[in-house]
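Sequence lines, in order, name chains A and B.
The opening position of the first sequence corresponds to residue 1 in the working numbering, with each subsequent residue numbered one higher.
The opening position of the second sequence corresponds to residue 1 in the working numbering, with each subsequent residue numbered one higher.
Hints in this document: simulated from the structure, not taken from any laboratory.
Incorrect hints may have been included.
Below, computed lysine-lysine pairings styled on DSBU-like, alpha-carbon distance capped at 30 Å [claimed, not checked]: (1) B:K85 to B:K101; (2) A:K45 to B:K27; (3) A:K45 to B:K25; (4) B:K27 to B:K79; (5) B:K26 to B:K101; (6) B:K25 to B:K85; (7) B:K85 to A:K45; (8) A:K45 to B:K101; (9) B:K85 to B:K51; (10) B:K25 to B:K79; (11) A:K45 to B:K26.
Please read these numbers as outputs of a predicted model, since none were measured by experiment.
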Amino acid sequence: MGWMYVLFAAIIEVIWVLGLRFSVNALEWTGTIIAIILSFYFIIKACEVLPSGTVYAVFTGSGAAVIVVIDMIFFQGNFSIFQLLFISLIIFGVIGIKLTSDEPSENNQDTVAGGR
Amino acid sequence: MYWIYLVIASFGEIFGVASINLYLKKKTGYRLLLIVLTFSFGFLFLRLAMKGIPLGTAYAVWTGLGAAGAVIMGILFFKESADWKRIAFLFCIIIGAVGLKIIE
Numbered sequence: 001m002g003w004m005y006v007l008f009a010a011i012i013e014v015i016w017v018l019g020l021r022f023s024v025n026a027l028e029w030t031g032t033i034i035a036i037i038l039s040f041y042f043i044i045k046a047c048e049v050l051p052s053g054t055v056y057a058v059f060t061g062s063g064a065a066v067i068v069v070i071d072m073i074f075f076q077g078n079f080s081i082f083q084l085l086f087i088s089l090i091i092f093g094v095i096g097i098k099l100t101s102d103e104p105s106e107n108n109q110d111t112v113a114g115g116r
Numbered sequence: 001m002y003w004i005y006l007v008i009a010s011f012g013e014i015f016g017v018a019s020i021n022l023y024l025k026k027k028t029g030y031r032l033l034l035i036v037l038t039f040s041f042g043f044l045f046l047r048l049a050m051k052g053i054p055l056g057t058a059y060a061v062w063t064g065l066g067a068a069g070a071v072i073m074g075i076l077f078f079k080e081s082a083d084w085k086r087i088a089f090l091f092c093i094i095i096g097a098v099g100l101k102i103i104e
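Next comes chain A alone, as it looks inside the complex (with noise of 0.2 Å):
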């Protein structure tokens, strides 16, 4: 079930990213803050069963990947292969520093990391 819950949060995730960006009204400034609540509960749930770490490196890696997909195919984004390789560094980046963050350190009590 832990799985399920990172699935539903990176699909929310997307969907607030692009209500953020195109919300004009009401009604759809109020879906993009109840997918942002719901994104959070999601990731919560997840990380009550698994390492938060791992959770945060698969569930932010897959959303920045299917966003720039996504704004490839719909909204025209003409992403240049510099453009496309330094967002892949970044997800890279982001996916190593959250994995190594489950890493234990007898010092650690509370990491910032790991927190969403």
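Fit chain B to the given chain A structure using the hints.
Frame of chain A, contents of chain B only:
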């Protein structure tokens, strides 16, 4: 200007995550309000940034700088590990973000 909005939005994310940590230590209404305010602030500026920066770029940079900032803060203030792997990944994010801005 849009890139400045994007950096400000990332700070919203960083302080948002920090306030979640504060809240988890001591669950008070004031700290919960702080979470809502910091994230709202971040989302507002992300919206502004998205008006001038493509969605895919804006989201990747926002989430990347947010993660990088959280790690830097974790290392500085919460005694998280600062081994070479984490520093290397940190540089990947920063190079990616700066690169996107330069070739824009």
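Does K101 of chain B lie within 30 Å of K45 of chain A when you go C-alpha to C-alpha?
35 Å, violated
Given the hinted pair K25 of chain B and K79 of chain B, is their alpha-carbon gap at most 30 Å?
Distance of about 16 Å is within 30 Å: holds.
Holds or violated: K26 of chain B to K101 of chain B, with C-alpha atoms at most 30 Å apart:
39 Å, violated
Restraint check for K25 of chain B with K85 of chain B, where alpha carbons must lie at most 30 Å apart:
28 Å, holds
Going straight from one Cα to the other, do K45 of chain A and K25 of chain B come out at no more than 30 Å?
18 Å, holds
Between K85 of chain B and K101 of chain B, does the CA-CA distance stay at or below 30 Å?
25 Å, holds
Verify the proposed pairing of K85 of chain B with K45 of chain A, using a straight-line Cα cut of 30 Å.
Since the Cα atoms of K85 of chain B and K45 of chain A sit roughly 28 Å apart, the hinted pair holds (cutoff 30 Å).
With the threshold set at 30 Å, check whether the alpha-carbon distance from K45 of chain A to K27 of chain B stays at or below it.
18 Å, holds
Between the alpha carbons of K27 of chain B and K79 of chain B, is the straight-line distance 30 Å or under?
Between K27 of chain B and K79 of chain B the Cα gap is close to 22 Å, so the pair holds against 30 Å.
Does K85 of chain B pair with K51 of chain B here, judged by a C-alpha cut-off of 30 Å?
35 Å, violated
Restraint status (C-alpha distance of K45 of chain A to K26 of chain B at most 30 Å):
20 Å, holds
In this structure, the earlier hints numbered 5, 8, 9 are contradicted, and the remaining ones agree with it.
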